[in-house]
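Chemist: Chain order of the listed sequences is H and B. Per numbering that gives the first Met the number 0, the first sequence starts with residue 0, numbered consecutively. Per numbering that gives the first Met the number 0, the second sequence starts with residue 0, numbered consecutively.
Treat the hints as calculated values from the structure; they're not laboratory data. Hints may contain errors.
Dumping the calculated EDC-like pairs for lysine to aspartate or glutamate here, alpha-carbon to alpha-carbon at most 16 Å [as the list claims (entries may be wrong)]: (1) H:267 x H:230; (2) H:184 x B:181; (3) B:99 x B:40; (4) B:184 x H:183; (5) B:184 x H:181; (6) H:96 x B:286; (7) B:69 x B:116; (8) B:96 x H:277; (9) H:184 x B:183; (10) B:69 x B:51; (11) H:184 x B:116; (12) H:26 x H:50; (13) B:26 x B:62; (14) B:69 x B:50; (15) H:99 x H:36; (16) B:184 x B:221; (17) H:26 x H:62; (18) B:185 x H:116; (19) H:267 x H:286; (20) B:184 x H:182; (21) H:185 x B:182; (22) B:185 x H:286; (23) H:185 x B:181; (24) H:69 x H:36.
Please read these numbers as outputs of a predicted model, since none were measured by experiment.
Protein chains: 2
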Amino acid sequence: MSESSEPFEPGRTGSRLVGAIEAGGTKVVCAAGTGPDDVRDRIRIPTTAPEEVFKQAVEFFAEQEKEHGKLEAIAIVTFGPVDLRRPGSESYGAIMKTPKPGWAGAHWLTPFRQAFECPVYIDTDVNGAALGESVWGAAQGLDTVVYLTIGTGIGGGLLVSGEPVHGLLHPEVGHMRIPRTEEEKKAFPGACPFHGDCLEGLASGPSMQKRWGVPAGELPADHPAWEVQSDVLAWACVNLTCILSPQRILFGGGVMQQEHLFPMIREKTLERLNGYVDVPEVTQGIDQFIVPPGFGQDAGLMGAIALARKRLG
Amino acid sequence: MSESSEPFEPGRTGSRLVGAIEAGGTKVVCAAGTGPDDVRDRIRIPTTAPEEVFKQAVEFFAEQEKEHGKLEAIAIVTFGPVDLRRPGSESYGAIMKTPKPGWAGAHWLTPFRQAFECPVYIDTDVNGAALGESVWGAAQGLDTVVYLTIGTGIGGGLLVSGEPVHGLLHPEVGHMRIPRTEEEKKAFPGACPFHGDCLEGLASGPSMQKRWGVPAGELPADHPAWEVQSDVLAWACVNLTCILSPQRILFGGGVMQQEHLFPMIREKTLERLNGYVDVPEVTQGIDQFIVPPGFGQDAGLMGAIALARKRLG
């Protein structure tokens, strides 16, 4: 059930050099290394057309091979929706329907498989982050973990029994629905084009900006926006706790740079669970139950390194 | 990731005789057999004091051994909350805080370990049902499955990558929270003593009875109660789909004997996902995505047999 039953050795440096890609909506970060304490080089590529991104990433890894020797694997953790349904199928690793220009159908595995001899692995950015955090970060040693990113969108990665969850496709935690008061509904109908007031439609950076008129980062800590935001995110914690029974919930992403949110979310989560999930990890350990990621903005990239190393065995 | 990678051979009869216990709030069913097509005998014991239940169950299995030979394992699937946190710990397998008289602290594993030489396994009733249905029932061949029971309470079992999910303790799916209209909130505040209008507080049998004044089974198919019920259960499907990305959702339990509920829940789930989870299994296959269990009221008991056989390997 736990990492320790796997041959994968989770030390912070390793003997096997791997390539890591974290693909986000605005930038794609590539790095080569053996672990979080041994990242040799990294580049940031703007998320323009996929061909351009792939070209620059392939060039980067080719240079890394010249400098440091052969890569033993490349792992990609990407924004979704990405087809992870049938490993080995033609569409496995391709971006699905998306409003991002040029990216629908873009295939993450092909360019790297063509350019390099090593195996190429893929998962979602948030599943990657959950994995990386469980190996070296803020969820170390745990095997059932949720990683939520609250940024341009809201995404959630799930690790269960030490393995990233895919199921039918992959989780879309950002689109869960939660209770709202009538007053709140009148104040803001939500900004998700599919669902209105789902989690993402209420609590993503752009949703907050739409409601309050300024970027989330510019709202002062005593602005009423944060009461609303912690309300919404506490409901997410309640539903995640009841549905998945995770050992820890991690909140990353730009909006969560507002550290004053954490105590507010914790308090409201406890209040709403109302003693029902009666284990000390929640009732007495809420400060360690809902936490920021250990790797901060690097959670996804470290997740890609963890994924490559885990799949190599 | 799937059953096929395990040594466990999922045929409907097997060569290894096992004991199975499904423990519910009103009755405890015990059976001995090798698979769903080879159940030798079974008994129903009323869920009175634990000592009495354990005594009758031990006697039943002792008789089965006399008649059919040694049991190779016993598996228990039980109502919760049950301590499944640390296999091997003293409290592993004990019922936790519960309003059921005499059951708080009752230890499911001890009496059977003392009376029989074989290994004794345990999981929740709903995790068991999810497992059994994935092996032989309505979720055959799938490895990421939700089993919900809508009865005296609401419970949910999760199978991910073919393994029952425990995490911190075990899922408490019945206590997720969902959107409600102001009209609905005024009409019924919900009946859960912890959360008011959580899923269980709205849609369990006793909650329905509290709201509508008669047992759910006595409400005619065109009663407005079923519109409300399917609304609530469709929200549950939306949240389960977004959070876990299951390949199938199974609804069992007494209240779901009302088969007219299924098409209503399916339609509302599709409407609310609004095309977002854009895979044919949902958009075109909703009739196979939300289904009743193949084993009906025996889903838990077959799950116990499946659990015993799986753990034996």
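Chemist: Of the numbered hints stated previously, which ones are contradicted by the structure, given in increasing order?
Modeler: 3, 6, 10, 11, 13, 14, 15, 16, 17, 18, 22 and 24
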